[in-house]
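**Student:** Chain by chain, the residues run as shown.
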Amino acid sequence: MSNLPANKSVETGNQQAQREVRIRQRYASDRRLRYFGLGAVGIALGFLVLLVSSISYSGYQAFSQTHVVLEVTIDTDKVDAADPFKGNYRGVVRDAVRAVFPGVTNRRQLRDLVGIVSSGAQYMVRDRVVADPGLINTTFLISVPVADPVDQFHKGNISRDTRESLRRISDQEIEWYDQWVSAGAIESRFNWALIFSSDSRYPELAGLKGAIAGSFYALLVCIAISFPVGIAAAVYLEEFAPKNRWTNLVEVNINNLAAVPSIVFGLLGLAVFLGWFGLPRSVPLVGGMTLALMTLPTIVIVTRVAISAVPPSIREAAMGIGASRHQVVMHHVLPLSLPGIMTGTIIAMAQALGETAPLLLIGMNAFIAGDTGGVMDPSTALPTQIFIWADSPERGFVARTSAAIMVLLGFLIVMNGIAIYLRQKFERRW
Amino acid sequence: MTLKNSANIVALALAGVVLAAPAEARDRIQIVGSSTVFPYTQAVSEEFANATGNPAPVVESTGTGGGMRIFCAGIGEGHPDLTGASRAMKESEWELCQENGVTDISEALIGYDGLSIAVSREAKDDWDLTETQLYLGLAAQVPVEGELVDNPYRKWSDIDSTLPDIAIQVFGPPPTSGTRDAFVELAMEDGCEELDFFAQQKEVLNSDDYKSLVKETCWRMRQDGNFIEAGENDNLIVQRLQADATALGIFGYSFLYENEDVLKAVRVNGTAPDFETIADGSYDIARPLFFYVKNAHRGVIPGLEEFLAEYVSENAFGPDGYLPERGLVVLSEDGREEVRNAIVNRNEMTRYIN
Numbered sequence: 001m002s003n004l005p006a007n008k009s010v011e012t013g014n015q016q017a018q019r020e021v022r023i024r025q026r027y028a029s030d031r032r033l034r035y036f037g038l039g040a041v042g043i044a045l046g047f048l049v050l051l052v053s054s055i056s057y058s059g060y061q062a063f064s065q066t067h068v069v070l071e072v073t074i075d076t077d078k079v080d081a082a083d084p085f086k087g088n089y090r091g092v093v094r095d096a097v098r099a100v101f102p103g104v105t106n107r108r109q110l111r112d113l114v115g116i117v118s119s120g121a122q123y124m125v126r127d128r129v130v131a132d133p134g135l136i137n138t139t140f141l142i143s144v145p146v147a148d149p150v151d152q153f154h155k156g157n158i159s160r161d162t163r164e165s166l167r168r169i170s171d172q173e174i175e176w177y178d179q180w181v182s183a184g185a186i187e188s189r190f191n192w193a194l195i196f197s198s199d200s201r202y203p204e205l206a207g208l209k210g211a212i213a214g215s216f217y218a219l220l221v222c223i224a225i226s227f228p229v230g231i232a233a234a235v236y237l238e239e240f241a242p243k244n245r246w247t248n249l250v251e252v253n254i255n256n257l258a259a260v261p262s263i264v265f266g267l268l269g270l271a272v273f274l275g276w277f278g279l280p281r282s283v284p285l286v287g288g289m290t291l292a293l294m295t296l297p298t299i300v301i302v303t304r305v306a307i308s309a310v311p312p313s314i315r316e317a318a319m320g321i322g323a324s325r326h327q328v329v330m331h332h333v334l335p336l337s338l339p340g341i342m343t344g345t346i347i348a349m350a351q352a353l354g355e356t357a358p359l360l361l362i363g364m365n366a367f368i369a370g371d372t373g374g375v376m377d378p379s380t381a382l383p384t385q386i387f388i389w390a391d392s393p394e395r396g397f398v399a400r401t402s403a404a405i406m407v408l409l410g411f412l413i414v415m416n417g418i419a420i421y422l423r424q425k426f427e428r429r430w
Numbered sequence: 001m002t003l004k005n006s007a008n009i010v011a012l013a014l015a016g017v018v019l020a021a022p023a024e025a026r027d028r029i030q031i032v033g034s035s036t037v038f039p040y041t042q043a044v045s046e047e048f049a050n051a052t053g054n055p056a057p058v059v060e061s062t063g064t065g066g067g068m069r070i071f072c073a074g075i076g077e078g079h080p081d082l083t084g085a086s087r088a089m090k091e092s093e094w095e096l097c098q099e100n101g102v103t104d105i106s107e108a109l110i111g112y113d114g115l116s117i118a119v120s121r122e123a124k125d126d127w128d129l130t131e132t133q134l135y136l137g138l139a140a141q142v143p144v145e146g147e148l149v150d151n152p153y154r155k156w157s158d159i160d161s162t163l164p165d166i167a168i169q170v171f172g173p174p175p176t177s178g179t180r181d182a183f184v185e186l187a188m189e190d191g192c193e194e195l196d197f198f199a200q201q202k203e204v205l206n207s208d209d210y211k212s213l214v215k216e217t218c219w220r221m222r223q224d225g226n227f228i229e230a231g232e233n234d235n236l237i238v239q240r241l242q243a244d245a246t247a248l249g250i251f252g253y254s255f256l257y258e259n260e261d262v263l264k265a266v267r268v269n270g271t272a273p274d275f276e277t278i279a280d281g282s283y284d285i286a287r288p289l290f291f292y293v294k295n296a297h298r299g300v301i302p303g304l305e306e307f308l309a310e311y312v313s314e315n316a317f318g319p320d321g322y323l324p325e326r327g328l329v330v331l332s333e334d335g336r337e338e339v340r341n342a343i344v345n346r347n348e349m350t351r352y353i354n
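Residue numbers (my numbering), protein chains in the order written: chain A, 1 to 430; chain B, 1 to 354.
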């Protein structure tokens with residue numbers, strides 16, 4: 001140390017210049033590294049923005065739905081007060097539409113006219129009347145969705161300038177639509193059906209209710225299996241297992257399983273759960289068990305990491321005051337590692353929520369028009385619903401596919417948000 | 001405490017799952033089968049569920065062949081009741097059914113589906129192809145001067161100078177798809193057999209050898225990049241065509257019908273597909289659509305009888321029904337009556353019984 005000033009004093013001008021060049025080069029490398037990192041983050045963010053904005057751009061229209069307000073009259077000759085479910089509601093809607101355009105008499109034209117209103121309208125009127133039988137023999141206003149071509153026209157996806165024979169909505173229908181608009185009966189509403197209706201063949205009626213319920217039940221089964229099994233396996237491997245060739249083999253295999261493509265688990269589920277156990281196709285129970293196979297290795301790995309992060313001093317202190325192995329694990333190690341385990345589990349669940357391939361193989365990509373509920377009732381899941389909609393020819397499903405992706409992304413963000421919150425709130429550092 | 005609570009919740013959930021499992025018998029109709037019949041079956045099951053208040057049937061799109069495998073796997077609650085098919089059941093599939101105890105099957109021809117070949121509406125040329133030109137443009141091997149060689153054609157104008165001077169680029173379905181089977185049988189094979197080379201071979205070879213020659217050459221699509229398999233998703237093909245006006249796409253007629261403002265049809269042998277030309281057979285590449293039902297399940301699975309009645313009602317597959325609205329090409333009045341009788345009377349399919 002003491003000879004440093006001496007050295008400096010003998011440094012020639014040339015050496016000094018070289019030293020400064022080196023320092024500048026080192027600072028420049030630092031800067032480059034920083035810019036590269038920044039650039040990488042920028043590229044990643046750019047892709048994210050591109051993805052989200054393209055999905056939002058193609059999907060935002062699905063969040064609104066064009067409705068028409070109809071004045072319907074429930075006559076007793078159409079609907080029997082004793083059994084309102086069985087009434088002739090098709091006729092009720094037909095009469096309501098025809099009353100607006102009394103000039104139309106041609107049979108073919110009448111059919112087209114009624115076709116402007118969604119074919120689900122009759123069932124909406126029915127459900128309203130069944131819920132409130134007092135409406136029989138009265139006249140009331142009800143807002144029902146219009147059919148998909150009219151909806152697409154209202155949203156500007158079908159141009160007026162296109163030749164008539166080439167578009168799904170005729171000049172005559174546009175004229176009726178215009179008359180309805182000028183009468184103030186056409187309105188755009190938030191498309192609650194997208195969340196609260198079951199799937200349908202008609203885009204204007206289709207919703208994600210069945211898919212959300214299916215995903216919920218599948219995840220419930222998945223967590224009921226993979227959470228306790230995963231934690232128990234991790235506790236054994238971390239706290240009790242001897243370190244030998246066998247436990248090494250088990251460890252390598254668990255790490256390997258976590259990297260196996262999900263379609264393999266789907267094939268396994270198909271062969272074992274449907275083939276050997278004879279469980280029915282398309283049910284969330286089988287979906288959940290298949291997803292559990294997939295998430296189990298992930299949960300074992302994150303739990304082991306969380307458990308090994310608990311310092312040995314805690315275990316030693318507990319043992320020092322006479323706690324047994326089981327007491328050490330249950331009273332100290334697991335509660336302390338729980339935030340880490342929960343975080344990892346939620347991320348694993350989010351991954352399972354977005355998984356499509358194994359569900360396709362066990363038939364959870366079915367079309368089910370009505371309500372579903374329970375782990376043994378066939379249903380779809382969110383990602384498979386996206387898959388079905390993406391493959392439907394009607395225009396309305398193009399936007400709905402993107403909207404369903406947004407709903408799925410929303411659930412993923414919420415789940416990951418909970419994971420981050422848990423980590424920040426409960427994580428302890430030693 | 002938190003640990004105990006979460007352990008309790010998990011245990012409860014697990015118990016719930018296990019208890020719920022064996023409780024329910026099947027009260028939903030289960031349907032598998034062709035992705036082409038899928039939209040029609042969807043429409044019928046939605047109408048059926050809404051109108052009767054029965055639980056909605058479970059309709060799964062598995063492809064025709066995959067559907068047959070699942071359908072023919074056995075009788076009973078664990079096996080589906082119906083399968084849709086974009087071609088008639090094959091003898092091998094019928095035998096599989098027999099082996100597994102699925103002996104009493106009824107067949108219903110519900111209508112026709114045209115295969116369409118389409119281009120973007122932006123395309124300059126008006127396309128008109130013969131089946132032979134389709135074969136020459138898309139097959140892996142074609143005869144040139146009496147020899148089978150790897151397909152040498154890169155542009156449509158190489159095949160025939162009257163065709164556009166455009167690189168051959170066709171998006172089509174993968175081999176697992178019923179649409180692909182239909183295209184190969186209806187367009188490629190016919191186009192193939194019109195060539196002199198195959199007419200000569202037919203005279204020279206015995207019938208088995210000739211059949212295998214047809215299978216090997218006429219049925220094989222080229223793999224050198226000019227024919228592009230675009231997956232089962234027909235919407236994707238529609239989007240690709242919109243992006244590239246020189247590309248052609250092959251898909252079911254319902255996709256063309258729904259997208260006629262952005263796509264136009266390629267005429268085949270001079271005829272463009274529409275409801276009339278497909279129904280009267282003047283459009284050459286159309287195929288029949290079927291569903292098959294296990295009669296042993298009728299009366300056992302609740303609602304199945306009503307569902308079948310709905311499927312073959314005038315309200316569904318008649319000319320003013322809701323299936324033609326989705327692109328189905330309907331049968332003649334007599335044809336519909338015959339199918340309806342066959343289904344109502346549970347007529348057994350006898351095609352392969354000697």
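In case anyone wonders, no lab produced these hints; they're calculated from the structure.
We put the CB at the ideal spot given by N, CA and C, even for glycine.
Do not take every clue at face value.
Here are a few chain A residues that sit away from chain B, every Cβ distance over 12 Å (derived from the structure) [stated by the list, open to error]:
id: 1; residue: Gly46
id: 2; residue: Asn256
id: 3; residue: Phe397
Going by beta-carbon spacing under 10 Å, a handful of chain B positions derived as facing chain A [what the hints assert, rightly or not]:
id: 4; residue: Val58
id: 5; residue: Val59
id: 6; residue: Ser61
id: 7; residue: Thr62
id: 8; residue: Gly65
id: 9; residue: Ile75
id: 10; residue: Gly78
id: 11; residue: Ala123
id: 12; residue: Gly225
id: 13; residue: Asp234
id: 14; residue: Ser254
**Student:** Determine for every hint whether it applies to the structure shown.
**Tutor:** Against the structure, the hints come out as follows:
no. : hint   : result
1   : Gly46  : holds (22 Å)
2   : Asn256 : holds (27 Å)
3   : Phe397 : violated (8 Å)
4   : Val58  : holds (4 Å)
5   : Val59  : holds (4 Å)
6   : Ser61  : holds (7 Å)
7   : Thr62  : holds (8 Å)
8   : Gly65  : violated (16 Å)
9   : Ile75  : violated (13 Å)
10  : Gly78  : holds (6 Å)
11  : Ala123 : violated (14 Å)
12  : Gly225 : violated (25 Å)
13  : Asp234 : holds (7 Å)
14  : Ser254 : holds (5 Å)
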